[in-house]
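Protein chains in written order, with our numbering: chain C, 1 to 497; chain G, 1 to 231.
It should be emphasised that the hints constitute simulated quantities derived from the structure, not laboratory data. These numbers come from a predicted model, not from an experiment. Certain hints may be false.
[Claimed, not checked] DSSO-like, lysine-lysine: derived pairs with alpha carbons at most 27 Å apart: (1) C:LYS281 - G:LYS205; (2) C:LYS121 - G:LYS205; (3) C:LYS281 - G:LYS54.
[Stated by the list, open to error] Just a sample of chain G residues kept apart from chain C, beta carbon distances all over 12 Å, derived: (4) ILE41; (5) ALA58; (6) PHE135; (7) TYR142; (8) ILE179; (9) TYR211.
Note that beta-carbon positions come from the ideal geometry of N, C-alpha and C, so glycine has one too.
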Amino acid sequence: MSIVELENVNFQYKGSKDGSLNNINLNIEKGQTVLLCGASGSGKTSIIRLINGLIPHYYSGELEGNITVAGHDVRKTELHELAGTVGTVFQNPRSQFFSVDTDGEIAFGPENIGLEPKEIKARLNDVVAEMDLDDLLGRSIFDLSGGQKQRIACASVAALLPDIILLDEPSSNLDFDSIELLRGTILEWKRQGKTIIISEHRLWYLKDAVDRVIYMENGVMAKEWTGEEFKGLNEEEVKSYKLRPIVLEEELIRDIRGESTSSFCDVESNIELKDFFFSYKTRPYLLFKKKFKESDGELLNLNIPYLKIPKGKVIGLVGPNGTGKSTFLRCLCGLEGDCKGAIVSDGKIYKARQRLKICYLVMQDVNHQLFTDSVKSEVMLSMKDEDEKRCDEILESLGLLEYKDTHPMALSGGQKQRVAIASAIASGAEILLFDEPTSGLDYSHMEKVGELLNELASTGASVIVSTHDPELISECCDYVLGIKHGKAVYLKENKKL
Amino acid sequence: MKLDPRTKLFMVFVVSLIVMMSATTPFLWAIRLSITLIPIILMILEKKYSSALKFLLAYASALVLMFYFLSEQSEGLIASLLIGYCGIVVQFMPAIITAWYVVRTTKIGEFMSCMQKMHVPDGIAVSLAVVMRFFPTIKEEYSSINDAMRMRGVMLGGGNVLRMFEFRMIPLLFSCVNIGEELSAAAITRGLGGDVKRSSVIELKLGIADYLIMTFLAVATVIFVVFKYFL
Numbered sequence: 001m002s003i004v005e006l007e008n009v010n011f012q013y014k015g016s017k018d019g020s021l022n023n024i025n026l027n028i029e030k031g032q033t034v035l036l037c038g039a040s041g042s043g044k045t046s047i048i049r050l051i052n053g054l055i056p057h058y059y060s061g062e063l064e065g066n067i068t069v070a071g072h073d074v075r076k077t078e079l080h081e082l083a084g085t086v087g088t089v090f091q092n093p094r095s096q097f098f099s100v101d102t103d104g105e106i107a108f109g110p111e112n113i114g115l116e117p118k119e120i121k122a123r124l125n126d127v128v129a130e131m132d133l134d135d136l137l138g139r140s141i142f143d144l145s146g147g148q149k150q151r152i153a154c155a156s157v158a159a160l161l162p163d164i165i166l167l168d169e170p171s172s173n174l175d176f177d178s179i180e181l182l183r184g185t186i187l188e189w190k191r192q193g194k195t196i197i198i199s200e201h202r203l204w205y206l207k208d209a210v211d212r213v214i215y216m217e218n219g220v221m222a223k224e225w226t227g228e229e230f231k232g233l234n235e236e237e238v239k240s241y242k243l244r245p246i247v248l249e250e251e252l253i254r255d256i257r258g259e260s261t262s263s264f265c266d267v268e269s270n271i272e273l274k275d276f277f278f279s280y281k282t283r284p285y286l287l288f289k290k291k292f293k294e295s296d297g298e299l300l301n302l303n304i305p306y307l308k309i310p311k312g313k314v315i316g317l318v319g320p321n322g323t324g325k326s327t328f329l330r331c332l333c334g335l336e337g338d339c340k341g342a343i344v345s346d347g348k349i350y351k352a353r354q355r356l357k358i359c360y361l362v363m364q365d366v367n368h369q370l371f372t373d374s375v376k377s378e379v380m381l382s383m384k385d386e387d388e389k390r391c392d393e394i395l396e397s398l399g400l401l402e403y404k405d406t407h408p409m410a411l412s413g414g415q416k417q418r419v420a421i422a423s424a425i426a427s428g429a430e431i432l433l434f435d436e437p438t439s440g441l442d443y444s445h446m447e448k449v450g451e452l453l454n455e456l457a458s459t460g461a462s463v464i465v466s467t468h469d470p471e472l473i474s475e476c477c478d479y480v481l482g483i484k485h486g487k488a489v490y491l492k493e494n495k496k497l
Numbered sequence: 001m002k003l004d005p006r007t008k009l010f011m012v013f014v015v016s017l018i019v020m021m022s023a024t025t026p027f028l029w030a031i032r033l034s035i036t037l038i039p040i041i042l043m044i045l046e047k048k049y050s051s052a053l054k055f056l057l058a059y060a061s062a063l064v065l066m067f068y069f070l071s072e073q074s075e076g077l078i079a080s081l082l083i084g085y086c087g088i089v090v091q092f093m094p095a096i097i098t099a100w101y102v103v104r105t106t107k108i109g110e111f112m113s114c115m116q117k118m119h120v121p122d123g124i125a126v127s128l129a130v131v132m133r134f135f136p137t138i139k140e141e142y143s144s145i146n147d148a149m150r151m152r153g154v155m156l157g158g159g160n161v162l163r164m165f166e167f168r169m170i171p172l173l174f175s176c177v178n179i180g181e182e183l184s185a186a187a188i189t190r191g192l193g194g195d196v197k198r199s200s201v202i203e204l205k206l207g208i209a210d211y212l213i214m215t216f217l218a219v220a221t222v223i224f225v226v227f228k229y230f231l
């Protein structure tokens, strides 16, 4: 019996061609697990939104065709009526929470549909036991890591006991181990007989879970595989569809989890880092701050007394979430003023505030980093002496010249990221740091970021990029630097593709 | 100690009321100070020591400055700035302290449950809850934007006050609008906004502490008003 039926569906968002759908015919049987893959903007998310009713009730546009979900005609059904039937886990853990505390969040859905408090408590207990969430109860959402947030998001959807569960790029902000947990949750739902539809770029963790795989291209269902066929695709075929790999090399997995057994390899031309210590915990003294030493051990969130890193290369920074990658980047570039470390490059020593001058961090959410009203002034803002010719050169090299006078917020995500990189180059920084630049990107965008990082390194800049994407590492990293519990644990050379 | 959100709301109301009426005699000041001390003591009971200490210090120093070092005859730029500053702190700080205490110690679920008990329409309750939910988000976003500005060396907007403001507000507005949009999409897919009456998993009950505090606040307000306007 079909539980989801899309019949001759055409859709176009108001004022945008991106993500529009063309003649979609899709029947999903009860209990099936379906994966939607394909490039960004190919219509994966739009299909998810058709099924949960956000199209046409929340995102408006031109819609034709019939959509039936568990017997409801979605076009004529109010969104809240679908709440007990369809549940959705969204991509961004930051913006899908209504409550500030974890318990309240799980209870939120059942409260909305007016269940008795007793029943809600029973469901809460069931979900917590099923998903092993005891340690996350009673915490503030704002103190959780991305992976923990996503587990709470799954729980709060499950508490409504929907028959159909939709996941829209759920692994985008997760590290390897959190993705494993997410996979466990999906398998448990599958075992319970729920119908699951997942839109995703990362494919390796789903290959054993899915029954059907639908490949989207420009708003059309261009190809369909069964789960078995999909598993059998070889590397070349996967690449030709511009998809991320289905199988990961064991060695890369070890690298990405920070569990490689390598030690530190020798590097010829290098940058030295000295005395990088930092702790987020409250300082022991009231008026002046304690100076940290290596012997403070456990107290430290970053503990790197000395490290040599190669110059003019792309270095992948890996390790599980919450073990110090971001802290390392923030300390390195001087954003954490309490970290007193020094960078030695070409015999010059850069301390404290001077580090801000030779380093530039491109943040994960580039929206925070763009301030002005045109791409050109964004780049000029970074220059000590405004030089229009140099600005044009930089924009040209990044393919942004035609957008010179466009407002940065009007650009696509990838373009914004390039504007941020353009400002980084304009600032004259020799050490460029990237905080997870490819999370949530499809294969071809990730490839482009990889190429760009390589180009930056070839102009002499040292590039350090923190990432959970094994694909990016094999794409562009010359070296891999592992961080665990705030310590640098290995630096090894990496074979690029 | 856990207070009922209704007591907290009543506290906000009473403190705001007293803040709006100026204290003119030492007796009225005494009432005002004792009312200000309540949220500070509650904060200490909730183990928020550093915030309690900060508020206490800020308020006490403004009071001391105001009464011992400044008078109506004070002259000069610094004195007049201080009078303005201390005046505002002494007058309005009690309300800020109370609001801070209430926002920090009330869970969204408790707040919603409290609104239901008071028969406030869901529409109003949900909007207020979203406002509460947004404070920490704004704080998080603001601090990332501040980091980005430090990174680019534009903390002072190139010496231009307007740009200093613009560089902070524009990205903040953009990200808050985006988060707000995604947040409401996520909330309505989980059934918010239906015609069913919302239920609440948190059952509220007024305890002895609630009655004590409410009685104290009510009595204090009555005495304050009587002594100020009728005697």
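Status of each hint after checking the structure:
1. C:LYS281 - G:LYS205: 37 Å, violated
2. C:LYS121 - G:LYS205: 18 Å, holds
3. C:LYS281 - G:LYS54: Roughly 19 Å between the alpha carbons, so the hint for LYS281 of chain C and LYS54 of chain G holds.
4. ILE41: 22 Å, holds
5. ALA58: 16 Å, holds
6. PHE135: 9 Å, violated
7. TYR142: Incorrect as stated: the minimum Cβ-Cβ distance to chain C is 10 Å, not above 12 Å.
8. ILE179: Non-interface label on ILE179 of chain G violated, nearest chain C Cβ at 4 Å vs cutoff 12 Å.
9. TYR211: With a cut-off of 12 Å, TYR211 of chain G remains clear of chain C, as the shortest Cβ separation is near 24 Å.
Checked against the numbered hints above, the structure violates hints 1, 6, 7 and 8; every other hint is satisfied.
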